[in-house]
Each structure stands twice: as C-alpha cells, then as structure tokens.
Amino acid sequence: MDQGKHILFRHRDIANLRDLDVYLAHGGFEAFKKAVTTLTPQQVIDEVKNAGLRGRGGAGFPTGLKWSFLTKDSFPRYVVINSDESEPGTFKDREILTHNPFQFLEGAMITAYASQANTIYNYVRGEYWDVVAGLERCVAQLYERGFLGEKLFGTEFKLDFFHHRGAGAYICGEESALLESIEGKLGQPRLKPPFPADKGLYAKPTVVNNTETVTNVPFIIQHGAAAYRQNGTEKSPGTKLFCLSGHIQKPGNVELPLGTTLRELIYTHGGGIRGGKGFKAVMLSGASSVVLKVDDALLDTPLDYESVAAKGAMLGSASVIVLDETVDLSWVILKTTRFFKHESCGKCTPCREGTFWMLSILERINQGGAAKADVDLLQNVASQIQNKCLCPLGEFSVTPVLASLKTFRGDFDARTTDGAPKAAPKSAPKKAAVEAGD
Amino acid sequence: MLTDKFASEITEILNRYPAERRRSAVMPLLYLAQSVYGHLSKEAIDEVGALTGVAPTDVAGVVGFYSLYHDHAAGKRRVQICTDLPCALRGADAWAAEFLTRLNLKKWDETTADGEFTVEHVMCIGACDKAPCFQVQDSTGIHFHESAPDRAMTVDEAVGILEGLKGK
Amino acid sequence: MADQVTLTIDGVSVSVPKGTLIVDAAKRIDNDIPVFCYHPKLKPVGMCRMCLVEVGRVMKDRATGQVVLDDAGQPKVGFGPKLETACTTPVEPGMVVVGASQKVTDARDDILEFLLTSHPLDCPVCDKGGECPLQNLTLRHGPGKSRFVYDEKQKNDKHVPLGGPDDALIFLDRERCIQCARCTRFCDEIADDHVLGFYQRGRKIEIATFSEPGFDSKFSGNTTDICPVGALTTADFRFGARPWELTTSASICNHCPVGCNTTFSTRREAKSGGKQVIKRVLPRQNEQVNEVWICDKGRFGYHFIESPARLTAPLVRKDGKLVEATWDEALTRVAETFKAAGSALVGLAGGRLSNEDLFAFKQAVSGVGGKALLDAPLAGGDLTTVVGVSAGVNSGAGTDLGQIGKGTAILVVASDLEEEAPLWWLRVKAAAERGATLIVANARPTKTDRYAKHVVRYDVGNAVSTLAGMLLEGSSDYATAFAQAENALVFYGREGLDFAGTQALAQACANLLIETKHVGRAQNGLIGVWTTANAQGAAELGLTTTPASPAVLAAARAAWFVGTDPLGDGRLTRKDLPPFTVVQELFLTDTAKAADVVLPAAAWAEREGTYTSGERRVQRFYPAVPAPGATRPDCQIAAEIGKAMGATRFGGFPAQVFLEIARTVPAFAGLNYAAVSKVAPQWPDVGGRDQYYGGASTTNLQGLGVQLPSAAERGTVPQAARAEAPALAHPVGTLLVLPIAKLYDRGATFAPSTLVHPRVPAPFVAINPADAARIGLADGDEAELALDADTVLVVAKVTADAPEGVLLLPVGLGVATPEGPAPARVAKSARVAA
Ligand SMILES: Cc1cc2nc3c(=O)[nH]c(=O)nc-3n(C[C@H](O)[C@H](O)[C@H](O)COP(=O)(O)O)c2cc1C
Ligand code: SF4
Ligand code: FES
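Residue numbers (our numbering), protein chains in the order written: chain A, 49 to 486; chain B, 1036 to 1203; chain C, 162 to 995.
Derived from the structure by calculation, the hints contain no laboratory data. All figures in this text were calculated on a predicted structure; none of them were measured in a lab. Any given hint might turn out to be false.
What the hints assert, rightly or not - Straight-line Cα separation of at most 30 Å, BS3-like style, residue types lysine-lysine; simulated pairs:
{"id": "1", "chain 1": "C", "residue 1": "Lys221", "chain 2": "A", "residue 2": "Lys120"}
{"id": "2", "chain 1": "A", "residue 1": "Lys454", "chain 2": "C", "residue 2": "Lys221"}
{"id": "3", "chain 1": "B", "residue 1": "Lys1142", "chain 2": "B", "residue 2": "Lys1077"}
{"id": "4", "chain 1": "C", "residue 1": "Lys319", "chain 2": "C", "residue 2": "Lys306"}
{"id": "5", "chain 1": "C", "residue 1": "Lys440", "chain 2": "C", "residue 2": "Lys319"}
{"id": "6", "chain 1": "A", "residue 1": "Lys233", "chain 2": "C", "residue 2": "Lys264"}
{"id": "7", "chain 1": "A", "residue 1": "Lys454", "chain 2": "C", "residue 2": "Lys264"}
Said to hold, decoys possible - Just a sample of chain B residues kept apart from chain C, beta carbon distances all over 10 Å, derived:
{"id": "8", "residue": "Ala1090"}
{"id": "9", "residue": "Thr1092"}
{"id": "10", "residue": "Val1094"}
{"id": "11", "residue": "Ala1095"}
{"id": "12", "residue": "His1107"}
{"id": "13", "residue": "Thr1146"}
{"id": "14", "residue": "Ala1148"}
{"id": "15", "residue": "Thr1189"}
{"id": "16", "residue": "Val1190"}
{"id": "17", "residue": "Val1194"}
{"id": "18", "residue": "Gly1195"}
Stated by the list, open to error - Non-contacting residues of chain B with respect to chain C, defined by C-beta distances greater than 10 Å in every case (computed):
{"id": "19", "residue": "Leu1067"}
{"id": "20", "residue": "Lys1077"}
{"id": "21", "residue": "Val1089"}
{"id": "22", "residue": "Phe1134"}
{"id": "23", "residue": "Thr1147"}
{"id": "24", "residue": "Ser1174"}
For each residue, glycine too, the CB sits at the ideal point set by N, CA and C.
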C-alpha cells in the first residue's frame, strides 16, 4: 500500500471527504453509477468474488460468495449493514461512519444493487447516536441528488436507505439477533438454518455485511479486482482496519494491508508499548480473543486470516488489545467475563448460566477468596460451556478464559490461598431445603 | 400523548418499515417516548404498543432486554462511564472512582443531590482509543465525551463538561 | 415409501417421515432424549441444550456429490466436532445418532449442572415435586453433588402473582424458572395471546406479564402443565397437595360442547373432613378433541361440585313449604301425578345432562304420552344429526380438526368461538395456520377474524340471507372458496338471532353444505356451537329443542325441569307454572323454590356417564368423588320415575341405560361402554413416563370416544329446505341490543369458583362511538337500557367493535338480557354513583 494512500480511510488523505461535493469531486459514486448503468448484478458479484474480499465483521467469510447464496427468485430482498460494533476494543466502523460516510454509503448501495435489494437498513449501535444523526443528513443529501430513490440513473433500479438504532446489546452484532432487533424483538439469535440469505429480515433473502466490508466495494468496482488484490495476501487480499487499544503508545485505528506483521503494527504504527514496558500478551480480536503470549515468533506473524488461525487464534475484527508486563491475566479475564455475562442474551443454558458461574468464581479469585481448586473449577466450567452454545457469544466467553488458563495459569494461582475451596458441596442442598421453606 | 406532539415523527418512523411490519418501529418509538418521558413507564409502553399494534408484554420485553432503555426514573442525565477492558487498561476504574467521589456519590447508579446526573458504568462504548471516556444519555440522545488522541481527559475536565450541561 | 427417512439411533434403525426431528424419531423407538425447551406442540427453539447428541451424516464427495463409501462398500459416516440439538435437527437418510455415549452423557450432566446452579432445590415444598422433569432428569443425569457455592446463587422473587395479588390465576416462582420459554411460546404460538414474555436478559432474564389483567389468557392454566419445573403453578392447586397423594379419574369437561378430555386429581383430606375431594383438573390427551390443552373455565370451574349449597335430600312441598322427604315418598308422588297428567306432562331438560340422563328422561316422559323437550336457545340439533360432522364410516377415519389444513374450508358464522368454545377456537386457528380457508361471518369483529382468509361482516339480522347468498355460484370469493373446497365444515352459533332465527340459520348452513356436497363424508359437516356440553347428545337421542316459555307450558298439568332453571333466567315466572312442578337439580334454584317436589341430583363428577360433543363424539366420564347426601344420578331418578309410571323397564345404572340407547337409537347402534373407552397410541406421545411432562396425568388410558355416524352416512339423503329468518325491526329512537356470550359468566356452575371472579366482567354494554356521542355516553359511564320488560343498568364500553346502531350486551353477567336481538332505549343513567 502506498504510504499515505488509504482505501478505506481516504478521509485521512483528503480533507473534508465527509462533504458530498468533496466526495463527488474525488470520484464519489462513480462506482455506484458504473455498477447500476453498465454492470449486471451478477457481474458486480463476480468482481467482488475475484477481488477475494472477505467479511470484516469477524468471520472473514468471502463476501461475493455470500451474495451469491441469496435464494433465487425470492423478492423482496434486503441488505442489512452491521454497524453494531460492540466488541470491546473495536472502534473502526465509527471512524468510517463519521469521517468517510459517503464511501460507506456507496459501498452499501452497490451491495444492494448486486443483491437486487431495494431497501438497505443500517443497524448502528445506539451509542453512536450522533454518528447516525450525521449519516441521516448524508442520506438526505443522496435522496436530494438522486443517488437514492426511484429510477436511479434513469434505470428501473430504486433504492431506499434507513437507519435502525440498536440500544445497548452486544449480541445484536450477531447477524440473526440483529435481524430480530430490526424486527422489533429481543435481540436473541435465531436457529440456523435457515440462514439470512434464505430467510433473513422479515423472512426474506437478506445480505448482512459489516460496515468496513462494504466500504471496500466502491474501490473494487471502480478499479477492479486486480487493483484491489495489490494489497494483502493471496487468501486475504486488501487492506484491513486495525484498532489499537490498551497499553499501546498510540492508540487508534490504522489501515494496513492484510499480512502486515504484528511487529510492524505495534512498533511502527502503534509507537510501541506505552512507557517502553515489556509486551506480555495480545488479544487480536477484542474481548473474545485467544489471549496470545507475545514472543518473537508471534511478533513476526503476518496478520491475515490464515496466519492468525495457524496460531490458534482469530483475526476477527482486528481489535488489537495490547497487554503489557504489568497486567495480571486473572484480572483481564474478570473483565472479559464480566462483559460476556452482561451481554449474554439469556436464551441458551450454557451461556446464561456458565458466564454467571465463571464470573462468580473469577470475582472470588480476584478478591483473594479462592483456592487453587477454584481455578481448576473455572477451567472445568469454561470447558463445560464450550461447544454447547446456541450462538458464538457463549463460545467467545470461554476463549480468553481457556487460553489464559493455559498460558498464564500462574497469574490465577498467585491470587489463590492454599485453603480448601469455599464450595461446600454437601451442605449446599441442605441449606437450600431449609431456606426454601418460606 | 406522543401522537399529539410528535405525529410527524411517528409517521416518519413507521414509514421506515414495511406497512405490515410495524413492530419494527418499536425500538425507535421507545427512544422517542424515553426522550419525552425520561424513562419508560407502563403507560409509555402501552402507548408504543398502541402505536405499533404490538402487545404491551412484547414491547416491555424490548425495554427489558436493551440496556439503553430504562424502566425507572433517574437523574435528568445518565452519565455512563466505560470501565470495560480496553478503557480499564488505561486506568478507567481508578478514574471512575475519583469521578464518583467528586460528584459526592458513594456507588454506581446513584444520582447527584441536585438530581442532574445518575452515574452508571457501562460495557465498551466503542471509544477505547480515547479512554477514559463516557457518554451522556439525556432527552437529546446519547453523546460521547472522550479523551483527546494524545492526552487523557482529567476528572476535572469531565466534571467541567457536566457543569456545562446543566441548565441546557 | 419415498417420504420416509431411515436412520440409526443408538444402533437401532428407524424409519420416520421426512422432516421429523431427531428427538421425535428417537421417541418412536422409546429412546427418550431428555428435553426441556422442546415440546412437540411448540416450534423448536434449541435453547436449553439438554438434548445434545452426536450426529453422524453420510459423507459426500464435495466435487462429485457422490456418497463416499468405506472399504466394505458402505456409505461413510462423518461426525462433526460438536454435539447437536436433537430437538432442532431433522433426520437425514443414513444419519447415525448417538445418545448413549460418554460424551453425550457428560454433556447432559453439564447442562443439568448449569440449570441447577440457579435452581433453588426446594423440591420438598414444590408443587411440581414428584412429576417434575427437572427432578426426574436430575436423578437420571444429575451431577449428584454441587460445585456451585450456594451463597453465590442469585436470589429471585418467589410467589409472584401473574396479575394482581387478588386476580392472579397463575403464580410464578422466578427462582425455579429455567428459562425454557415453553410458557411464552405456548401463549404466542398456540393461544396467540401475547401476554407472557421475557424481561431483562442474560442471567437476569425472567418471565413477566404486562397485560391488563396480568396473564390475560383463557388458556393460562396450560402453561402450568407444560412448565417443566415448578415455576408456574395455579392459584387453585399451589400448596394444595403433593402429586403422589393424588388419585386420578378421567372425565369430560361439561362447560361447553367441545368435550375436552380431562383428569380429576383427588385425594382424601383432613381439611375436608376426611372426604375425597377434587384438587385439580388436568387435560387428558385426546388428539382428536383437545390435544393436551383445556381452557381455564374447564380447569377452574369445578368448584360448584363442592358447594355447601348443594341439594342433598328430596324436598316435598307440604303446607306451602318445601320439606325434606324420603326418595320413596317423593318419587311416588311424582310418578302418580305425572302419570295422571299423561299427555299434559311437559318435561324440559338442560343440555348439561348426560346421554343416559336425557334418554331415561325422554323415555319416561314420552312413555306416558308427555312431551320431552330440550330447553336450549340454539336450534338445529335435528339437522346436525343428519348433516353433522361425519364419523367416516366409509373412509375409516372420522372428522378430526387436528387433521384439517389445505383444501378444507371452515365457516364460522354468528359465533364468537373463543368465548363460546375456546378449544374449538384453538383448533380452528391451528387448522387455518395449516392452510385451511377460514371464513368468519359475523355482525361484529371477534378474535377468530385474525386467522380468517375472508371476514364477512353482515348487518344484524342478515346472517341467514348472507348464507343464502353463498348458494349463488360465484357471488363472492368466499362463496367460491367454500364451494370449491374439497372438504368443508360449518360452525354456527346464535349471535344476533332469536330461537327462530337460529332455526333458519341452521337450515341455511345445512343447505349450503348439502348444495356444495359437503355432507356424509369425513371432515365435512355442520357443528352447532351449543351453549351446553350435551345439547348434541339430546339431538342424537331425539329430544326436540324448545326453549322454555309460557306458551310451552300453557296446556301443561305437570312440568318436570331437569337441570334447567327458567325462572332464574327470567324466562318464566311462577304464574306460568302448571299445578304440579318437579325440579331435579344440584341447587335450590329459583325454579326449584317454586316447585312442588325437588329431587337432588348427583353432579357429573360423582357418577359415570357419557356426553356427545359437538363433533358428535360420544365420550365417557367416570366418578371422581362420592355423591353427597342422598343425591342420585339423573338417569337413575328418571329410570325410577319411568318404571313407577310403567313407562320404562330398564334399570337406572348408566351402563344399563347406555345399552338401551344402543339398542334403540340407530346412531348408537353397536356401541357400549367398552367401545367408548378404547384407547390407541397417540402421537405426539406426551404422557406418562416420558420426559416431556414428567408424570402430569395427561395420559389417556380411559377412552378416546367414538364418533357417531350421521344419518347422511347411514343412508338418509339430506334435503335442503326453506330457510327464512324472521324479520328484525326496531322502532326509531331505539338501538338493537345483541346478546353476546362471554366465557366467564355468573352461571350457577361457574360462580362457585371464586378464584375466577375477578376475571368475570361487571355487566357492561358495548356501544359504537357514534351512538355513544349521540346519546352523550362516555366510556365508563353507567348506561340505562330500557328493554321490553326490564330496565338494566350497565357500564358503557365505547368501542368500534360494536356496529353502529347495535349494543352488545353479554349474557349471564347478572342482568336481564333478551333471548335475541331486541330494541332498547339507551340513556345515561340518572343515578348518581354513591
Ligand atoms: C456475538 C457476536 C457479535 C458480533 N458482532 C459483530 C459486530 O459488532 N459487527 C459486525 O460487523 N459483525 C459482528 N459479528 C459478526 C456477524 O454475525 C456477521 O458475521 C457479520 O456481520 C457479517 O458481515 P461480514 O461478512 O461483512 O463480516 C458478530 C458475531 C457474533 C457471534
Ligand atoms: S416459567 Fe416454566 S415454562 Fe416458563 S420459561 Fe420458566 S421454566 Fe420454562
Ligand atoms: S435444546 Fe433441545 S430440548 Fe432444549
């Protein structure tokens, strides 16, 4: 990637890009016009497939392929943009939506054209209240200028764009919970199948894509798949937004080609560890990360989907939380577990009960009231949740716990006393019986 | 009644969704009701139910599920401080403790004596690079207040921001 | 069979229809996969994760799509890394399901341990103890010891009334709830009452109601049956008894014509003086009648049986006073006088009596030349015996609403099904969801409209002409839909009609069925939405329906009222009574007070007998508790009177009378109690020892009943006849009062269930906003209705549900109501509220 030349963060290169005239002056909406007036939906899908664009919402699923899964001959269809961005350590979509809104809107609009959908809903977390207010002004301008509405560019294609605010629920980032939420229900995940491409919003074929994902699309359509592939690796082409937080010198977002090494990310772009401290561990995908112990091999790992997977972790949304040598992992895990317990939707048993139980053990450990056996119990409970949940949230909650227990067990043990575990298995039921006699 | 004063807003909200999917309007209408009434009482829930044709129990479920809807009255503004992992790594816990003390509050969820602010701790609000940070939820929406990229916001500054909000 | 799928579950091969879920396939071979959230009547949600199993699927080559074979040439089966929920996964050909492995056992242990971390473990005081799936599964799979620190348990509210503290029918224990959503899904999916939902999320998630009144559903009690723990209990039964102390006896609900199969749980208890008493009513599975549901009237409306006001001894009028007498004395007097009256004897029976009662009564009366009548407000019983739903003599399978879907038209006319026959409402709704074409014709909106493909709104008085209009080919979409449907059913009621009007409507319905060739075949026919449980039986036994009126008794020298109270209803007065009146009853009703002899009857729960449901199914009920005092079954009393008059010769035991019925009434030919009490395996299997219900007594071991063949099936060629409704006119300046039915009323057999009183509305009248404005009535005002004979005071409910010019006045709420549409002058009440 040319230094200073961004694909997603073009606002960093061009002043006032959030101004529609500026955006238009820099080629804005040419890709959308090109798609609608010169390409068939299938051609747009093929171009995106060729570009190898993968979903930036976390799973890295090939975007063009996803679009091609829409149930044939079933209309209306919907495009839903996932701007829920609630994974701790993630704040990239916010920057796009705030500073480069038109490129995002254009990408979403091309996505709608490719999917033959006439309505887009952008689901934005409620906390981004003012961001939505700004986006709504942008959308109004697009209607005024004829980029949204009926008969676009004189064709039969029509398109509407609406925002739907979330209201403080991480689970609504999960696509089926998100759809429930737009339908005015509790944000609890649906069973899959059916998948959104078959029965999504209002049980109609629906594409759900992350904000960053679709913001890539105008470039791909305008410059072609080959140009897009100049960045990144064979299997993970393009650039990616990395969110740097925690004990980093320069927190914030950076756009880098996929495959950039962790070392370059942290030391070149992030300015290194804050206060020059040692780099103990890193979480690459927010609170749901595998906590990785940092060593040279890890620092030299290219950050792309495959290489990170090979390390037993996930690149996810590339929310890089830096933990320096002062950090006690038992405290980190208390925080992540508190988050997942708070955000568990309550639908399935292992997640609802398991996160609650893990949290109570972790609180005890952190308060110094636990024995080593409690750490074993924590590990046990975490494994007990694993692979049994209805949706990935429950699985996410376990990932950092098991990873830290494997690599940093010492941090936990150090907090324990040698005494017997507080749990008094035999007396518990007795007590219950007595208390219940109310 | 919302319909008296906000008829056009309500129509605009309902028009975002297909005619037979009025339930989708429950969330935006709850935000509207909350901005008007301060919190979502049984009456507000019934009202949103009537506007959308959704049973009050179903509307209430939405209120209960999402953390930005409130079924109880609190101060005029809710100050929501992020103490989640990334912010906490940058000192949010200690910062928040000091903040509470400065407002003469003993614990979370208490309201300042003048009834202006209720201070709550929240999970990640997507501003991790600008910790410490908080947001203020009031009748005008939800607004961020966060540190500059290169310098952490002091508790003094934060209290100053709140002072500035008073009377607005 | 092409649509059968063969798979292997724990080494056993099983073939099931395509689309079957693994859990149900396993059930077919008695392999009980434990479940909590799954219920075969509800859509699967896969949320409790109890049913995890290992699932192997036949491997296919990605490129070629060919099945991969192993060395032995058998399809290779690949297992995924994760366990899958058996309750959401449909079977596939060649699938291999493993439930008996260590991995699965561990997973079940794990899930149970999770559930128990939040459960209070108060089994010793829990109403569900003994029939609790959680308890059962814990014994089978549970961890045996607790690793959870008890002090860290989340404390939740117990004894939460779902509704006001005084009007709640159901109580919730939030600690016991395992968040399986069976209750909320029942309300949403089955009852379509969105009155119960989840509140909060995560570990804080809880069941809550925000309706007015709380948990406002006529089906609320069912949630207590399907709740797999003791979280939901009825106000009636909670802390009432322990399940293992209970004796069960089968019964049939006698509140409406559906004929729901029920079970009484009884026990002897000190509190009741050592007597055997009813503790609760549960649904008993009958997939062709009520599936596994009953309405709350059936569940809570049994308390009249134990009322201290019950009659317990015969009473004979002496010196102007009713005094206790022996049966001999009373019966001798009755028989002598009746015999002397001969053709001047008029007998009027109520539709709550059993087949045996009605038959013995009819034989006794007609044996001396008298007239035996059914005192009921809805006509057409005679027609339903001819064109009523068919037993499918020629096809082998009878009429079953549960099997109805695409291709069938259902017409509901002049009836508010949910209020009049709640289970039919559920079944019709479900049929519409399966694709049946539902046509609802009424003068005003009802809840049934929600599922109607066609809502036909006629002006009051035009029900008959509307149906007649359907005979004109192509006159409307719905007429065409009805005519062209492969099968068609008609439910008709009496809303907006007087007795003569119902006669015409029944005929019009019959004509429609006859003309469109929807008679004499299974899944076709006419159903009367009777006001009582056995009006259909009365029709089958040949009783003529005639509502009690002064004219009916004009020439009578003696009258015999059995299970009916026309004086109490205001249809007769003392001066209309003949010189000699006998009343056979449970209570000292107004009519009984005016009688010369009063004969105390046993309630249906105190004896045996049969009812014939509106779907013409003869079903047996059994004694649950002993009959009080000197009471006797109605059929026994009638048989004794008949014998004493020399009119009949059969004995008075129900079984004997039934044999007599079978011998003499063609529709009953060949029937006996044994046939009526036959059972067959039912699907879904939700009774007994399995994990779905964990022991609540829904199992039906006592009889599925027998549907009667209609006369049309037995060879009678049904003929259409003229159907003309009497003209309706009301003077200028008046509005038309339309009596409507409410499920919860103040009827003698419901009023003693005080529990439900708060749900019985105060007398009200629904009035259209335009009319209300004209009269100056506001919602909630007291209105004065000047009817023909009475003036009544009621609360005005201003609602567009009342058509303009029409007042909807519920019957049975304690104010006088007309028999059919009647003019009334309305004004705001002058009375100042004290
Ligand atoms: C618990 C959970 C939270 C998620 N949160 C987000 C989110 O905040 N933003 C997002 O784009 N995707 C999120 N996802 C991923 C979405 O389910 C979905 O895969 C994504 O929106 C697809 O878009 P993409 O293909 O463009 O990545 C989340 C998934 C899970 C399981
Ligand atoms: S109350 Fe019973 S049925 Fe309802 S969610 Fe709780 S456990 Fe399930
Ligand atoms: S998940 Fe299958 S029974 Fe609950």
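These are the hints, each one checked on the structure:
1. C:Lys221 to A:Lys120: 24 Å, holds
2. A:Lys454 to C:Lys221: 37 Å, violated
3. B:Lys1142 to B:Lys1077: Between lysine 1142 (chain B) and lysine 1077 (chain B) the Cα gap is close to 28 Å, so the pair holds against 30 Å.
4. C:Lys319 to C:Lys306: 24 Å, holds
5. C:Lys440 to C:Lys319: 22 Å, holds
6. A:Lys233 to C:Lys264: With a Cα-Cα distance of about 35 Å, the restraint between lysine 233 (chain A) and lysine 264 (chain C) is violated, given a limit of 30 Å.
7. A:Lys454 to C:Lys264: 23 Å, holds
8. Ala1090: At about 3 Å from chain C, alanine 1090 (chain B) fails to clear the 10 Å cut-off, so the statement is violated.
9. Thr1092: 4 Å, violated
10. Val1094: At roughly 8 Å from the nearest Cβ of chain C, valine 1094 (chain B) sits no farther out than 10 Å, so the non-interface label is violated.
11. Ala1095: Violated, because the least Cβ-Cβ distance between alanine 1095 (chain B) and chain C comes to about 4 Å, which does not exceed 10 Å.
12. His1107: 13 Å, holds
13. Thr1146: Given that every Cβ of chain C is farther than 10 Å from that of threonine 1146 (chain B), nearest at about 22 Å, it holds.
14. Ala1148: 29 Å, holds
15. Thr1189: 34 Å, holds
16. Val1190: 31 Å, holds
17. Val1194: 32 Å, holds
18. Gly1195: The claim stands: glycine 1195 (chain B) keeps its Cβ more than 10 Å from every Cβ of chain C (closest is about 35 Å).
19. Leu1067: 19 Å, holds
20. Lys1077: 7 Å, violated
21. Val1089: Violated, since 8 Å does not exceed 10 Å.
22. Phe1134: 26 Å, holds
23. Thr1147: The assertion about threonine 1147 (chain B) holds, with a minimum of 26 Å to chain C.
24. Ser1174: For serine 1174 (chain B), whose nearest Cβ neighbour in chain C is about 24 Å away, the distance exceeds 10 Å, so it holds.
Going through the hint list in order, the structure does not satisfy hints 2, 6, 8, 9, 10, 11, 20 and 21.
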